[in-house]
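Engineer: Protein chains in written order, with numbering that gives the first Met the number 0: chain A, 0 to 117; chain B, 0 to 1043; chain C, 0 to 229.
Treat the hints with care, as some may be off.
[Stated by the list, open to error] On the chain A side, residues computed to face chain C include the following (Cβ under 7 Å):
#1 A1
#2 M5
#3 F16
#4 T21
#5 I56
#6 L57
#7 V84
[As the list claims (entries may be wrong)] Some chain B residues well away from chain A (every beta-carbon gap over 10 Å; in silico):
#8 L359
#9 Q608
#10 G787
#11 L846
[What the hints assert, rightly or not] Covered by chain A, per the in silico footprint, the following chain B stretches (three or more residues, Cβ under 8 Å):
#12 158-165
#13 666-672
Don't read these hints as lab results, they were simulated from the structure.
Note that the Cβ used here is the ideal one computed from N, Cα and C, for glycine as well.
Below, each chain spelled out in residue letters.
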Amino acid sequence: MAHLAMATGFLLILVGFYGALTNRNILRMIVAFSIADTGVNIVIVAVGYMRGRSAPILDSTVSAADALARIIDPVPQALVLTAIVIGVGVTALMLAYAYKLYEKKRSLDIAKFTELKW
Amino acid sequence: MVSALYLIAAALAAAFLLGLLKEQWRGAAYAVTLAALAFMIWVSAGWLWAFALEGAAPVEIFTAGAEPPFAINLRMGLAEAALTLLINLTGLLSALYLKDALSRLGRRALAVLLIAIMALCGIVLTRDVFNLFVFFELIVIATGGLVLLSDDDHALAAGFKYLIVSQVISVFLLVGIIFAYHATGTLNIDGMAGASLGLKTGGALAFFLMFIAVVAELKPFPANGWALDIYESAHPAFSAIFSAATGAAALYAVDKLLLIGGADWLPVATGIGLVTFVAANILALPQTNDRRLLGYSSIAQTGLVLAVLGQRDILGDATPYIAFGLLASHAVAKAGLYWLSGLVAGRALADWAALRNRPLLLFAFVTFICMLAGLPPFPGFYAKWELARFLAAEGRLALLALILFGALVEAGYLFRWLGYLIKREAPAAETACTPHQATAVFAAVIAGWALGFVWGDLSGRNNLLLVLPLLFALAFLLLEWLPAWTKNTLAIAGMVGWFVLTWTEYDPLRLIFAVIFLIGGAITLLASYAAHGRRIGFYPSAMLMYAGMAMLIRATDSFDFFAAWELLTVGSYFLILRGKHSEPHALSYILFSLGGAFLILAGFALAAQGAPHFDIASLGQLGQPAQPLAPWIFLLLAIGFMTKTAAIGVHIWLPGAHAEAETDVSPMVSGILLKAGLFGLFLLLMTMGRQRLYGIELTHALLWIAALTALLGNLMAIFQEDAKRLLAYSSIGQMGYALFGLALMNHLGWLMALMFVINHYIYKAMLFLSIGGVAKRTGTREMYRMGGLIRMMPLSFIPVLIGIIAVSGVPPLSGFGGRWIFYNAIMTAELRLPLVVIFLAGPIAFLYLFRLIHTIFLGQLKDEFRRVREAPFWIVLPQMIYVVLLLVFAVVPGLALRHVDAYLNRFFPEGGLGWTGPAITSSYGYWNPIAIMIVVGVIFATLLAWLLFVNRRAQKVRQFNIVFAAERPFRPETTHYAWNFFAPYRKAMGFLVQPFVTRFWETLTDLLHTAGDLARRLYDGNGQSYAFHFLAFVVAVFLLRGGV
Amino acid sequence: MIKRFIAFLLLIAIGGIFATLLIGYTPDAELNLTARYYAERTAADLGSANIVTAIVVTYRGLDTLGEVTVLFLSAAIVGLVLAGGRQRTPRPRAPVGELLTTGTRLLAPLIMLLGVYVFVNGHLTPGGGFQGGAIVASGVLLLLLADPLRHFSHGLISAIESLAGVFYVAIGLLGLLLAGGFLDNRILPIGTLGDLFSAGAIPLIYSLIGLKVGAEFASMLASLSGTEEL
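I would like the entire structure built from these sequences, with the hints used as guidance.
Structural biologist: As structure tokens, then:
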């Protein structure tokens, strides 16, 4: 199960990278990076998964005493939250940039923004 | 102490508070930002004080009331305190500098700046890998925002490219972190290091991903195109943060990660760092945009520090001293240069000539360039020395060679730029500089010198900034407002005073050099009274050179010697650069000199074998590990010293540098400076003596080099049309003689070399002054344009006449004495063939000197020079002193030589001279200078009387043009009889003086340039390509590591 | 074409690295050192039923502060980048329709209420400040969709954003001064496990985060909505 999720995650990362490397349209690149980010998040969550255990929340089903044996690793869950939020922040920033770039050149082709080089 | 957490809390609180202020309250928002940054500086400075001066122990800061690894913890230690101080200072100064841009963009921009600085501090402080990731992402986003401060439209695209690559990087970092967590069960850096991550399943790969992602933040070659665009297009004050502060923080992050990776990954860090250092420097060579050039240089410097971090296995406890020395030099200088670039209107390197109108800004620039180039007394110099010491001791010679090569390339473009600044046409527009901007720039200047002092203090060696001669030279910087006349008097008094203070310390050999360097220097300075105005820049440079020489002869430790060597090189470089057309020549001078200095550095480092102090005298008794390397050490040092004496092959810098220098500078750099190289060779041969390498006696090789230098130097001199160039080439030949004497390795050979040292100083200084005076009055240095000047400038003629007699080695002057000793010396020499060569060289010297008299002073006076006056008094005066000296030395050479002769008995007990009575005796005969003087004087007087008698019947000559019938002379100079005077000889021997060597060096530099120019096309400006580069970089490192 | 080929090759290599990780991966049978500590100690030490929340808000509180800062930064920069674009007058556009307008009136308050519920109960149930904040922001998005010309009070948004941030940092510092360290939640009594008012400062912090995230997202959305006329 964890392997399957992880494989999916890795695959999404590769798909995202492929998209970002081969699409010249800036918006498509941003979407591609979102896909790669999602892949990373899946990988993170998959690493914390343990078969047959429940979410790390103490309630009527999981008491504080038997938490040790019943819950999955809570750390990746906490990390993924941070990773998601950071991904959102970067994506928002890239979108704003895309808007400005389009405003400047009326084009979203990344290959058109090569004045600085060498 | 205030908890380091306040660094983060204060910045964040201030950034959030800014949102409460009205958009219009710009002043208040700016004040809040500055206050927060000032508070942060206060916190980190307090810690630095506690760690550095009170010896406090590093402090762990826990958050959330739980211990690591269960909660995030921070650490504040010496390195953290220093780095956060660096970051916060850069932040505050950049904020000051950015006042206008920040006010325009308002509180949001201020908040972004504050958060960027906070996040950089966070990277330095945190001990948790995921927390590190969070701070890195904050930097990414903040950079994305701060790039927009720029007025440059391209900044937008640069920021986006940066975001693209950052996205890819963060994917790797996150995947690496989560697997590292899985392998070790902790996110704490020390915890991971303790759990030996690399040994766990998947651990090594997880580490690889984290490592490569964090290393990517250092902009390693070739995955750095995105960073270059930011450097080029962002606001310079932001580039200063990006270069100085971000670079420092990212380096520290890599350093922390290397704790986890352990010794296995150190070579990887070194490899990446070194490739980056060398490649980025080569790529920087063809740059014309100042900010992009600085970007390449930043990348290179960061790479160097990374390479140093990777050498911690051998550097041990010295790592922080070296790494931070390099880093601090880079950070301060780069921040300063970026701030300066905001004051320069144009983006081409030559546009920086605008700074010339502002001497203080120019001084700032020079300080920064010298810091970057690792020159004394700045921290980079000490760091370089220590680094070389360790690398050589451990036999990592390829590494050392590459680092020195990279540093030389870097010096190439830095000093080329400096040359532009000082020599190119300055735009008329005044360089504007607000007080805020000036604060930032000069804070960096002060920081640079202060760091130089601190590093000297920590070095465990002589703190260069406490050495009297250097302080004396630097004091002239503060005295620049005085008139030249006063400064000249002070300079002469200082040099004579220093000699009087120290002369008892020298042995006879050193005493001769001390007299030439100090007293001789004071005499040449007399000519400087002829200059008017304030002569800004002359005295600090000249005194720096003399300070270096004064320190050189007193140095016993190899470090002191090398420091003095570099100081005299820098001083003479600035001095040479003052000449009207000397820009390219000064550049080639400094490059050859630095190249030579690096060889010397490597030689000393090899000889020391890691010993912290190495006495030059112990070159003769090398310890066991160094003993087999002795011939190599000899070779390195010999070539290093020979670049200064301009031996054939490394001579091409000399003619231009000496000929284009100012009138009073030529005698200094020719008559005096060249002797520094001879002094080095003396020391080398005195201590190491004969060495064999692959069956070749190295002194025999020197003998050959010397003979060829003498022959070719003289040959090249006779074909010159420019009088000063002629003298310059003649110096090459003369230095060949001196080297020849030394390489003979016998008593008389050395005595002769010393005699050449004295003779060459006197007559070359004299001739350069005389010819310089003539050139000053006539406005040309081309000999064929002159003629008949004996009547207008008789006083300038005397030294040339005397000089010719002295140089060509005919009786009665000291040149003959030199020859006499020389012939005695070669009678006892082992090799015959080079002797033939050097015999050949003798008469050639007469040929070129004859031209000076013949073409300049004799013959017909030209119309335009009918009103020419004698050279200025102050230029003639030293010449007359030299004439007297020469005569005295000719009559009583024993005054100087007999003590040295006795001293040389220590090295060669056999073959000394007898000094009884007026005659000097050798085993082959005797020489009585006084008798010769009388005999020759009588003959001369008789001949002169006869000539004067005959002269009455001589006819006046009217023509000097020679034109064949039906020839139409398009170039007038070709019809002058004195042009191409030795054309027949050129036909016979011209092939010998083809500029092979010049072509060789030119091809080499061209190749480097072309390589840089081709390689930089890699950075095609497309953001996607940069993502490709990064992925390729990851794969390449992965494969080179053999799949981890 | 060649670009695609190189990309393909590079990704195969990267895929190889990932595959090695995947194959070498064996799920833990037991909680590791860190997770064990959290499982055993969270309830007793911090009083938070949701262990993830305890980690996010307290143990790794510094990360979360950074995370909030990321959003703050993004919002500020998006505002900065798009500041030029908002000046021009929007083109008149077709009305959005009765259904959307009415629906919005009904749903927006409910959505926002749900958001508040989610972040206030972050220490008890799945969810928390970020999730709650995002829900609040989606209410705002709905309002923007229904009335693109609506002007949100930027003053209000930025006041919420700033105050929430300042209080967050202040509570963190109180932890440093009164309890075990920066962001320690035990400056308030930890109460009984499972109560709304328990887990010390966690609900307070998470509510501030929720407010801040909501405000951040709202401000980003408002900024981005200004770009529509391009």
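Engineer: Take the hints in turn and mark each one as holding or not.
Structural biologist: Each hint, compared with the structure:
1. Nearest Cβ of chain C to the Cβ of A1 of chain A: about 5 Å, under the 7 Å cut. The hint holds.
2. Nearest Cβ of chain C to the Cβ of M5 of chain A: about 6 Å, under the 7 Å cut. The hint holds.
3. A distance limit of 7 Å between C-beta atoms decides the matter here; for F16 of chain A the minimum to chain C is near 6 Å, and the interface restraint holds.
4. A cut of 7 Å between beta carbons decides the hint on T21 of chain A: the least distance to chain C is about 5 Å, and the hint holds.
5. The beta carbon of I56 of chain A comes within 5 Å of a beta carbon in chain C, closer than 7 Å, and the hint placing it at the interface holds.
6. For L57 of chain A, the shortest C-beta to C-beta distance to chain C is roughly 5 Å, which falls under 7 Å, so the interface hint holds.
7. Annotation: V84 of chain A was flagged as interfacial toward chain C, and the flag holds, the nearest CB pair being 5 Å apart, inside 7 Å.
8. Chain A leaves L359 of chain B outside its interface by the beta-carbon criterion, the shortest separation being 32 Å against a cut-off of 10 Å.
9. The non-interface label for Q608 of chain B is consistent with chain A: the shortest C-beta to C-beta separation is roughly 44 Å, beyond 10 Å.
10. No Cβ of chain A comes within 10 Å of the Cβ of G787 of chain B; the nearest lies about 57 Å off, and the non-interface call holds.
11. With a cut of 10 Å on Cβ distances, L846 of chain B stays outside the contact zone with chain A, its closest approach being about 51 Å.
12. Coverage of the stretch 158-165 of chain B by chain A holds. Counting CB-CB distances below 8 Å, 6 residues qualify, and the rule asks for three or more.
13. For the stretch 666-672 of chain B, the assignment as covered by chain A is violated, since 0 residues bring a beta-carbon within under 8 Å of that chain's beta-carbons and 3 are needed.
Comparing the model with each earlier hint shows a violation of hint 13 alone; every other hint is respected.
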